[in-house]
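Trainee: Add chain B to chain A, keeping to what the hints say.
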Amino acid sequence: MKNNKRHSKISASVRKEELMKALHEMGDSMYEKLDKGVFPEVVFPSRSVRNIVYDEKLLQYVLGDSRVKRSSQNIKHIRPFTQLVWLAHFANQLVKQGKTSTLRDVYYSAQAYNIDFKDQPESDDIITDLEATLCRAREEFSIYPEERSAIFGDLTIEYTVKGYEGRKLNLDSHPDGYLIGPSLSTAELVETSAEMVIAVEKGGLFSRFVEEKVHEKYKAIIIDTAGQPPRSTRYMLKRLNRDLNLPVYILTDGDVYGEHIAMVIVSGSANAAHLRDLTVPTAKWIGVWGSDITKYKLPSDPMNEQAIKRIYELRKDPRYRKGIWQKELEVFLKLKRKSELEAFAKYGLTAIVDKYLPEKLEYAKSL
Amino acid sequence: MSKKQVSFSEISPSEFFYRNRDLAGFSNPSRSLYSAMRELVENSLDACEMAGILPDIFIRITPLDSDESKQDPKPYVLRVQDNGPGIDPKNLSYAFGRVFYGSKFKLRQARGMFGMGGTMSILYGQITTNRPVKLMSAIGDGKAVQIQMMIDIRKNAPIVMDKQVVPAEGISGTSVEVTMEGDYFRAASKIQEYLRQTAVITPYANLVFIDALGRQFFYERVTKEMPVPPDETLPHPYGIDVEALRRLLQDSEEATLLKFMQQNFHRVGENTARRFLEFSGFDANMNPKSMETLQAVSLVEALHKYDNFLKPDASCLSPIGKDILKKGIEKELKPEFIAISVRPPSAYSGFPFIVEVGIAYGGKVLPQGLSLLRFANRIPLLYDEGSDISFRILDQDIDWRHYKVRTEAPLGVITHVCSTKVPYKTVGKEYLADRPEIERELKNALRDALRQLQTYLSRQGSMAAVQRKIGIYSKYLPLIAQFVTDLSGAKNLPKYQQLLDSDSDGEDKTAEPIDPVGKPPSDEPPADKAPAAKKKTTKPKAKTTAATKKKKDAPPVETIKVEGQKKAQVEKKKVKQDEKQQTTFEDFG
Numbered sequence: 001m002k003n004n005k006r007h008s009k010i011s012a013s014v015r016k017e018e019l020m021k022a023l024h025e026m027g028d029s030m031y032e033k034l035d036k037g038v039f040p041e042v043v044f045p046s047r048s049v050r051n052i053v054y055d056e057k058l059l060q061y062v063l064g065d066s067r068v069k070r071s072s073q074n075i076k077h078i079r080p081f082t083q084l085v086w087l088a089h090f091a092n093q094l095v096k097q098g099k100t101s102t103l104r105d106v107y108y109s110a111q112a113y114n115i116d117f118k119d120q121p122e123s124d125d126i127i128t129d130l131e132a133t134l135c136r137a138r139e140e141f142s143i144y145p146e147e148r149s150a151i152f153g154d155l156t157i158e159y160t161v162k163g164y165e166g167r168k169l170n171l172d173s174h175p176d177g178y179l180i181g182p183s184l185s186t187a188e189l190v191e192t193s194a195e196m197v198i199a200v201e202k203g204g205l206f207s208r209f210v211e212e213k214v215h216e217k218y219k220a221i222i223i224d225t226a227g228q229p230p231r232s233t234r235y236m237l238k239r240l241n242r243d244l245n246l247p248v249y250i251l252t253d254g255d256v257y258g259e260h261i262a263m264v265i266v267s268g269s270a271n272a273a274h275l276r277d278l279t280v281p282t283a284k285w286i287g288v289w290g291s292d293i294t295k296y297k298l299p300s301d302p303m304n305e306q307a308i309k310r311i312y313e314l315r316k317d318p319r320y321r322k323g324i325w326q327k328e329l330e331v332f333l334k335l336k337r338k339s340e341l342e343a344f345a346k347y348g349l350t351a352i353v354d355k356y357l358p359e360k361l362e363y364a365k366s367l
Numbered sequence: 368m369s370k371k372q373v374s375f376s377e378i379s380p381s382e383f384f385y386r387n388r389d390l391a392g393f394s395n396p397s398r399s400l401y402s403a404m405r406e407l408v409e410n411s412l413d414a415c416e417m418a419g420i421l422p423d424i425f426i427r428i429t430p431l432d433s434d435e436s437k438q439d440p441k442p443y444v445l446r447v448q449d450n451g452p453g454i455d456p457k458n459l460s461y462a463f464g465r466v467f468y469g470s471k472f473k474l475r476q477a478r479g480m481f482g483m484g485g486t487m488s489i490l491y492g493q494i495t496t497n498r499p500v501k502l503m504s505a506i507g508d509g510k511a512v513q514i515q516m517m518i519d520i521r522k523n524a525p526i527v528m529d530k531q532v533v534p535a536e537g538i539s540g541t542s543v544e545v546t547m548e549g550d551y552f553r554a555a556s557k558i559q560e561y562l563r564q565t566a567v568i569t570p571y572a573n574l575v576f577i578d579a580l581g582r583q584f585f586y587e588r589v590t591k592e593m594p595v596p597p598d599e600t601l602p603h604p605y606g607i608d609v610e611a612l613r614r615l616l617q618d619s620e621e622a623t624l625l626k627f628m629q630q631n632f633h634r635v636g637e638n639t640a641r642r643f644l645e646f647s648g649f650d651a652n653m654n655p656k657s658m659e660t661l662q663a664v665s666l667v668e669a670l671h672k673y674d675n676f677l678k679p680d681a682s683c684l685s686p687i688g689k690d691i692l693k694k695g696i697e698k699e700l701k702p703e704f705i706a707i708s709v710r711p712p713s714a715y716s717g718f719p720f721i722v723e724v725g726i727a728y729g730g731k732v733l734p735q736g737l738s739l740l741r742f743a744n745r746i747p748l749l750y751d752e753g754s755d756i757s758f759r760i761l762d763q764d765i766d767w768r769h770y771k772v773r774t775e776a777p778l779g780v781i782t783h784v785c786s787t788k789v790p791y792k793t794v795g796k797e798y799l800a801d802r803p804e805i806e807r808e809l810k811n812a813l814r815d816a817l818r819q820l821q822t823y824l825s826r827q828g829s830m831a832a833v834q835r836k837i838g839i840y841s842k843y844l845p846l847i848a849q850f851v852t853d854l855s856g857a858k859n860l861p862k863y864q865q866l867l868d869s870d871s872d873g874e875d876k877t878a879e880p881i882d883p884v885g886k887p888p889s890d891e892p893p894a895d896k897a898p899a900a901k902k903k904t905t906k907p908k909a910k911t912t913a914a915t916k917k918k919k920d921a922p923p924v925e926t927i928k929v930e931g932q933k934k935a936q937v938e939k940k941k942v943k944q945d946e947k948q949q950t951t952f953e954d955f956g
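Read top to bottom, the protein sequences are chains A and B.
Using the working numbering, the first residue of the first sequence is number 1, and each one after it goes up by one.
Using the working numbering, the first residue of the second sequence is number 368, and each one after it goes up by one.
Among the hints, erroneous ones may be present.
Unchecked claim - Computed cross-link-like contacts, SDA-like style, restricted to lysine to any residue with a CA-CA straight-line distance of at most 20 Å:
(1) B:836 with A:116
(2) B:862 with A:116
(3) A:33 with B:842
(4) A:96 with B:858
(5) A:36 with B:857
(6) A:36 with B:465
(7) A:96 with A:19
(8) A:76 with B:832
(9) B:862 with A:19
(10) A:76 with B:842
(11) B:858 with A:116
(12) B:437 with B:581
(13) B:858 with A:25
(14) A:36 with B:425
(15) A:36 with B:581
I should point out that these hints are in silico values taken from the structure, not numbers from a laboratory.
Next up, chain A with everything else stripped away, as it sits in the complex (with noise of 0.2 Å):
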């Protein structure tokens, strides 16, 4: 068992120092121009609709060559040139201080600095043009969204947030599972004897699983994305996968929008496309699909209106364009019916456990 245990590749701790020589380097070279007396600016991917494009290899969507100056000599660019600078110096202050923040956080923390956004927003922006500029994720420089999901399952990490550094934890000692927080996002991936992640659309089939003992039936990390995963939670799945190698198996509600779920966390969001890190090409989607409603005669409800739009719009992504995704999704606009994962109970509470989810499991290794 000892002998299965995968350990972390890529330290936090070394993703951690190259964001701060990053910092570092973006202050040096204001620095210099100011003192030369040149106007310092910025220049970063522009992520406007058009520079989004999908990127065959990566099986993600990535920004494309059109790229933005932000200069302080510009009488418009100014505002929100100071406004990142500020950014990047308060991020600078949370690594070193090992403090994190949520985007509200930032939004108020501005104004003890002379920095006026007007609105969250505007704060919020600002946050994504720092990603950008640095080509990192905002949890990397310790910005936390509100939204948490949780994981559950023999993972052995060690802490290097502030006041916890070197103490270990397994996740298997809770069985309400782990906040996906700041402190696990940062923290060091020791050792696992798993051998796949199961992520979850739901917080009910997530109690479930660990109630049923999943972990140790499958050997599985069990994640629960809480509806559409938060970025901490895709960087932790990312990690989980590149870094244990375990591969990653997702489970959505039957309908559109659960298809999507897994879709990114597979190959990440347009609103993510100039990060890198949060996307598990290898992911599967395992269920619940259109072709399971009638295969297993699950309880269905009508799509509405806007969910059959939304097939219409998936249907001119690239992403879509083959495989799994492209069958399910016609089957979901030939049925026009959904199923949730807890229709499942219909044949029993663990049947979706024990019968389903092997079933799946094994299914996947064609996929």
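Mentor: Then chain B, alone, in the frame of chain A:
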């Protein structure tokens, strides 16, 4: 058949004006109170200025009856007192008691033209209240003469009812106290406006006004400089008419027409007179007194036809001058900016005139929009603005967009026409007739003053832009410096201050055209944004070119050239920018 007898009788000038008082501005109780006040004030100012005395004018309007509940119109006592030279006691009663009928051939600029304003006021008081006028005059010999008198309208002569001589304690001046029916309630705003505008045009006068409600208005003297008083001058040949010539001939003491021409006309010397008489075919040695009426008519025709008379000179005019006008505007209108334009002397029909224009811009006194203050021979013209030539020019001939003056901007336009004969359209002295010569001079002066304003405004504009820019830089650059210092770990702040100085010329070297994106979150792709940004910058450029093209003094060729250069610069910068971007791509890996 009954025969109706029609009788003709001579009427005196007093009676003539009594019967036609509407023409002179005494049409109703409110207008009459206003007219009487201004006639007396104008007499006082004229008297002081002719004597070179800085005017102190005291004006008081008091209800005759102290019972305040009495409604207007009602009798008022109007008193106007000055510190002028006074009037010789011998002439005092006649100066005010007779409408002068005589040859006023000597010309010079004065407020009153017909010498009848004061008498009209007294006459009006007499016919509405039947009370005598109280006059007092001191000529500086230690005595003051007080008389009470009425006017015998038919005889055109004063009736002195009481006369006293009292010690004057070294003061000189004249005071007139008329009791007349008036309507102060209706006249108040015009009277106050008249005095305010008078204060604008005569900043060297102290004006004190105590109104019917006991309120005191004080317009204080701000300069001791007075306009140079005008010389008396002879009439110019172009300005003479048959009647005037006939009287000149009657009164002439010269033996020959040649001498007569030289002695009675403005700027006519022996040579001019001789050449003119040759031109007109009159005998130079003819006795002027022997000229017949028909001959006089043809002489006047010839005088008007002859092209080689010298133009009238302006010594008989007394313009206010740049400095005094500026002080008056400053004091009463308190504007942010003043432009003055004084035109060189010009003439119409043989009458010399000078146009002076002041522009007052901004400040808190002037209301929004255009206020026109018209003056003629230093008299404020308050009525019939819409008919006046200045108004018409401002309304129709001035292209305000050209001068970049916003319509809602507080703007005061002051026009002053001074002449030996102001071409009023009516006897009421309220607005000027459209004389092409005067119109031309007014236009030139207005345009000149507006150009000064335009220069000021555009300088203000660019200064404001630079100020704004520096303001923005000095708000954000220190913050940037602070944060990058922290990021880089340097000990001291970078020398960013130099950026605040070096860019104060306002020229943005790497502004919009290179840099496609302004706002942080952009929904449009930069590929499209670049041309969009280019459009943005070229558009205003096109506008300014159009504007400069309109300007007469800016040749269009030059602007096109400038535009071409700019374009080339922009393209150069673009290339540079592309290089820069290349390197940054590599940096990002």
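Trainee: Work down the list of hints and note, for each, if the structure agrees.
Mentor: Structure-based check of all given hints:
1. B:836 with A:116: holds, 18 Å
2. B:862 with A:116: Given that 20 Å is the threshold and the Cα spacing comes to 24 Å, the pair is violated.
3. A:33 with B:842: holds, 18 Å
4. A:96 with B:858: Holds. Residue 96 of chain A to residue 858 of chain B sits at ~18 Å (cutoff 20 Å).
5. A:36 with B:857: holds, 15 Å
6. A:36 with B:465: violated, 88 Å
7. A:96 with A:19: Given pair residue 96 of chain A, residue 19 of chain A holds - Cα atoms ~11 Å apart, limit 20 Å.
8. A:76 with B:832: holds, 13 Å
9. B:862 with A:19: violated, 27 Å
10. A:76 with B:842: Measuring from Cα to Cα gives roughly 13 Å; hence the hint holds.
11. B:858 with A:116: violated, 26 Å
12. B:437 with B:581: holds, 16 Å
13. B:858 with A:25: holds, 16 Å
14. A:36 with B:425: Not OK: residue 36 of chain A and residue 425 of chain B at ~70 Å, beyond 20 Å, violated.
15. A:36 with B:581: violated, 71 Å
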